[in-house]
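There are 2 protein chains.
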Amino acid sequence: MIALDVNGAHAGPAVVVEGARHAPTAVTLFGPAAEIADPPGDVVDAPVAIGGDEEPSLAVRSKPDASIVQAARAVGDGRAEALVSAGATGAVLAASLFHVKRLRGVSRPAIAVLLPVPGHPTLLLDAGANVEVRPEHLVQFALMGAAFMRAVHGAERPRVGLLSVGEEAAKGTSDVVEAHARLAAVEAGEFDFAGNVEGHAVTAGAVDVVVTDGFTGNVALKVMEGAAKTVVGAVRAAIGSSPLAAVGGLLVHGRLGGLRRDLDPNTTGGAVLLGLRRPVVIAHGGSSAEGIANALRLARRAVDERAVERTAAALEAAGTLRSAGTASVAEP
Amino acid sequence: MIALDVNGAHAGPAVVVEGARHAPTAVTLFGPAAEIADPPGDVVDAPVAIGGDEEPSLAVRSKPDASIVQAARAVGDGRAEALVSAGATGAVLAASLFHVKRLRGVSRPAIAVLLPVPGHPTLLLDAGANVEVRPEHLVQFALMGAAFMRAVHGAERPRVGLLSVGEEAAKGTSDVVEAHARLAAVEAGEFDFAGNVEGHAVTAGAVDVVVTDGFTGNVALKVMEGAAKTVVGAVRAAIGSSPLAAVGGLLVHGRLGGLRRDLDPNTTGGAVLLGLRRPVVIAHGGSSAEGIANALRLARRAVDERAVERTAAALEAAGTLRSAGTASVAEP
Numbered sequence: 001m002i003a004l005d006v007n008g009a010h011a012g013p014a015v016v017v018e019g020a021r022h023a024p025t026a027v028t029l030f031g032p033a034a035e036i037a038d039p040p041g042d043v044v045d046a047p048v049a050i051g052g053d054e055e056p057s058l059a060v061r062s063k064p065d066a067s068i069v070q071a072a073r074a075v076g077d078g079r080a081e082a083l084v085s086a087g088a089t090g091a092v093l094a095a096s097l098f099h100v101k102r103l104r105g106v107s108r109p110a111i112a113v114l115l116p117v118p119g120h121p122t123l124l125l126d127a128g129a130n131v132e133v134r135p136e137h138l139v140q141f142a143l144m145g146a147a148f149m150r151a152v153h154g155a156e157r158p159r160v161g162l163l164s165v166g167e168e169a170a171k172g173t174s175d176v177v178e179a180h181a182r183l184a185a186v187e188a189g190e191f192d193f194a195g196n197v198e199g200h201a202v203t204a205g206a207v208d209v210v211v212t213d214g215f216t217g218n219v220a221l222k223v224m225e226g227a228a229k230t231v232v233g234a235v236r237a238a239i240g241s242s243p244l245a246a247v248g249g250l251l252v253h254g255r256l257g258g259l260r261r262d263l264d265p266n267t268t269g270g271a272v273l274l275g276l277r278r279p280v281v282i283a284h285g286g287s288s289a290e291g292i293a294n295a296l297r298l299a300r301r302a303v304d305e306r307a308v309e310r311t312a313a314a315l316e317a318a319g320t321l322r323s324a325g326t327a328s329v330a331e332p
Numbered sequence: 001m002i003a004l005d006v007n008g009a010h011a012g013p014a015v016v017v018e019g020a021r022h023a024p025t026a027v028t029l030f031g032p033a034a035e036i037a038d039p040p041g042d043v044v045d046a047p048v049a050i051g052g053d054e055e056p057s058l059a060v061r062s063k064p065d066a067s068i069v070q071a072a073r074a075v076g077d078g079r080a081e082a083l084v085s086a087g088a089t090g091a092v093l094a095a096s097l098f099h100v101k102r103l104r105g106v107s108r109p110a111i112a113v114l115l116p117v118p119g120h121p122t123l124l125l126d127a128g129a130n131v132e133v134r135p136e137h138l139v140q141f142a143l144m145g146a147a148f149m150r151a152v153h154g155a156e157r158p159r160v161g162l163l164s165v166g167e168e169a170a171k172g173t174s175d176v177v178e179a180h181a182r183l184a185a186v187e188a189g190e191f192d193f194a195g196n197v198e199g200h201a202v203t204a205g206a207v208d209v210v211v212t213d214g215f216t217g218n219v220a221l222k223v224m225e226g227a228a229k230t231v232v233g234a235v236r237a238a239i240g241s242s243p244l245a246a247v248g249g250l251l252v253h254g255r256l257g258g259l260r261r262d263l264d265p266n267t268t269g270g271a272v273l274l275g276l277r278r279p280v281v282i283a284h285g286g287s288s289a290e291g292i293a294n295a296l297r298l299a300r301r302a303v304d305e306r307a308v309e310r311t312a313a314a315l316e317a318a319g320t321l322r323s324a325g326t327a328s329v330a331e332p
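Chain order of the listed sequences is A and B. As numbered in the working numbering, residues 1 to 332 make up the first sequence, in order. As numbered in the working numbering, residues 1 to 332 make up the second sequence, in order.
A few of these clues could be false.
Which copy? The list can't say, so a pair holds if one copy fits it or any two copies do.
Straight-line distance between alpha carbons at most 27 Å, and here's what the computed BS3-like set of lysine-lysine pairs gives [what the hints assert, rightly or not]:
hint : residue 1 : residue 2
1    : 229       : 63
2    : 101       : 171
3    : 101       : 229
4    : 101       : 63
Just so you know, these hints were derived from the structure itself, not from any lab.
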């Protein structure tokens with residue numbers, strides 16, 4: 001059973017409930033019971049929501065009855081197997097850290113986003129949970145991201161790239177250079193370290209996992225979304241700018257619709273918090289019912305494929321548990 | 001007269017010389033005299049080139065006869081007014097730091113790139129000169145970028161945004177938070193501080209200048225280029241994937257060509273090094289003759305509009321000279 005936070009989606013609770021109706025999993029709904037008609041699972045009445053403008057940790061502590069807090073507590077207590085919310089990222093992260101709790105040895109859970117790169121979905125992490133990280137955290141991100149891609153997306157031996165300003169091992173900040181050396185020394189049979197990759201690689205389908213700090217990752221994700229939107233808008237403006245081209249535009253319209261679907265965040269189900277004791281999926285705030293259903297599907301798959309257990313095993317095998325990367329990997 | 005490095009362009013010296021022929025400025029060509037036919041200006045024979053795989057500082061010191069070094073020396077000596085090269089960024093930067101030299105009080109010259117945002121060209125800096133910076137450097141980048149946009153692109157009162165992971169002043173790394181506080185306190189009548197901007201803003205035309213460190217800026221620039229290329233490729237694939245859509249594609253082709261021109265790096269002339277005693281323009285390595293001509297045009301304009309002198313005045317007015325931002329701006 002998956003705990004579903006009914007608050008938080010821009011479109012309101014009804015869309016979230018509708019999404020749950022189409023998901024192949026049992027759910028318990030945490031939200032305003034008065035607004036939930038014909039629920040597809042148990043309902044825990046939790047009308048209080050945490051908004052995106054509230055300081056997350058403070059809000060989570062001061063609103064123990066908020067839907068996201070109650071849902072996270074249900075997961076932490078073992079009453080639910082995973083958590084799904086379309087609420088504010090900060091609040092979901094804070095509630096999850098408090099109640100779902102970190103996997104043993106993980107100091108910094110990360111936000112992982114599956115980028116809709118045509119033909120080659122690419123996992124980017126950290127997309128914003130940790131704006132400042134140390135090299136050992138980047139190593140953990142690599143292991144967590146690779147384990148997730150193996151478990152949930154069937155990548156047998158994921159290629160992992162470290163985001164930097166050049167492909168050479170010496171390129172980047174001192175932290176990135178050190179992380180590169182540590183990753184090159186990790187004897188992980190379960191992923192290929194592709195070395196440094198540059199920004200181009202994020203959307204080129206060259207690697208399965210792109211590892212970076214939460215500041216750079218958040219900027220990269222939003223630049224990517226912004227650039228895609230700007231280019232699509234420019235294409236549309238170009239097509240609409242002459243009658244002849246407009247006729248052509250009508251003819252290509254159906255195909256562009258398919259592309260729009262490929263790039264739609266609703267398709268991938270949302271961001272995933274990695275490094276916690278249970279799967280947590282953060283659906284896009286602007287999710288449609290289909291987006292919520294896909295987020296639930298993703299959480300269900302993470303549970304069924306034992307993504308958390310496999311992540312823990314991968315971290316342990318690489319020796320980064322507790323020692324956070326200092327024991328079994330070489331210094332640069 | 002502008003010193004033009006004839007080596008470095010992927011297409012070879014002939015393309016660079018051809019570009020010089022179409023530029024509205026006097027030039028001196030530094031490159032292999034044997035390969036320069038019918039030169040549009042004086043030629044200084046300098047067949048030695050510095051490649052992108054060489055360590056820049058080392059190469060610049062050990063190859064005093066290299067074309068980029070001789071050209072930079074001509075600018076430093078006052079024999080030329082500005083420098084243009086399509087060579088490796090690192091080599092142009094190193095040669096410029098050694099021979100063109102920093103503007104008084106500027107500790108970290110930055111690479112500024114004018115992004116081809118449709119309808120609203122946006123200057124991004126630092127795009128990679130300094131992978132690690134302190135808050136006072138970010139303040140200098142803001143002042144230098146704003147002065148450049150005023151002088152060269154006619155933005156009367158440029159809006160300057162600080163790239164971060166949220167718009168609130170407290171969002172970002174501790175360095176970004178401190179830079180925000182300092183920028184908010186700068187009494188610069190010559191630009192509007194728009195506060196923090198997120199990655200979306202880079203291509204949204206919301207600000208005239210986006211300020212960030214050279215690591216994030218380089219990643220952002222390449223993610224943007226990569227995403228634009230991926231989306232354009234996907235549009236092309238979508239259009240070509242059915243006979244009917246292909247007919248439509250032919251009809252929109254001309255319009256998409258215009259868009260491609262807008263997004264072409266050759267159009268903007270290249271990156272600019274800010275914070276030096278003379279204008280330095282780094283044309284794209286893949287520049288066409290038109291790209292070289294545009295780079296020379298940009299350098300000419302920077303000279304004519306006294307961009308360097310106005311930058312120095314702006315830095316002095318804001319009190320960041322020598323004291324590097326500590327004297328006349330408030331602490332957070």
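Between copies, within a copy, both or neither: which fits residue 229 and residue 63 at Cα up to 27 Å? neither (37 Å within a copy, 45 Å between copies)
My question is about residue 101 and residue 229: at a cut-off of 27 Å on alpha-carbon distance, are they close within one copy, between copies, both, or neither? Neither way: residue 101 and residue 229 sit 36 Å apart in one copy and 40 Å across, limit 27 Å.
Checking an output row: residue 101 and residue 171, CA cutoff 27 Å. Within, between, both or neither? between (35 Å within a copy, 24 Å between copies)
Please sort residue 101 with residue 63 into within, between, both or neither, judging by C-alpha distance up to 27 Å. Within one copy, since 18 Å is at most 27 Å while 57 Å is not.
Checked against the numbered hints listed earlier, the structure breaks hints 1, 3; every other hint is satisfied.
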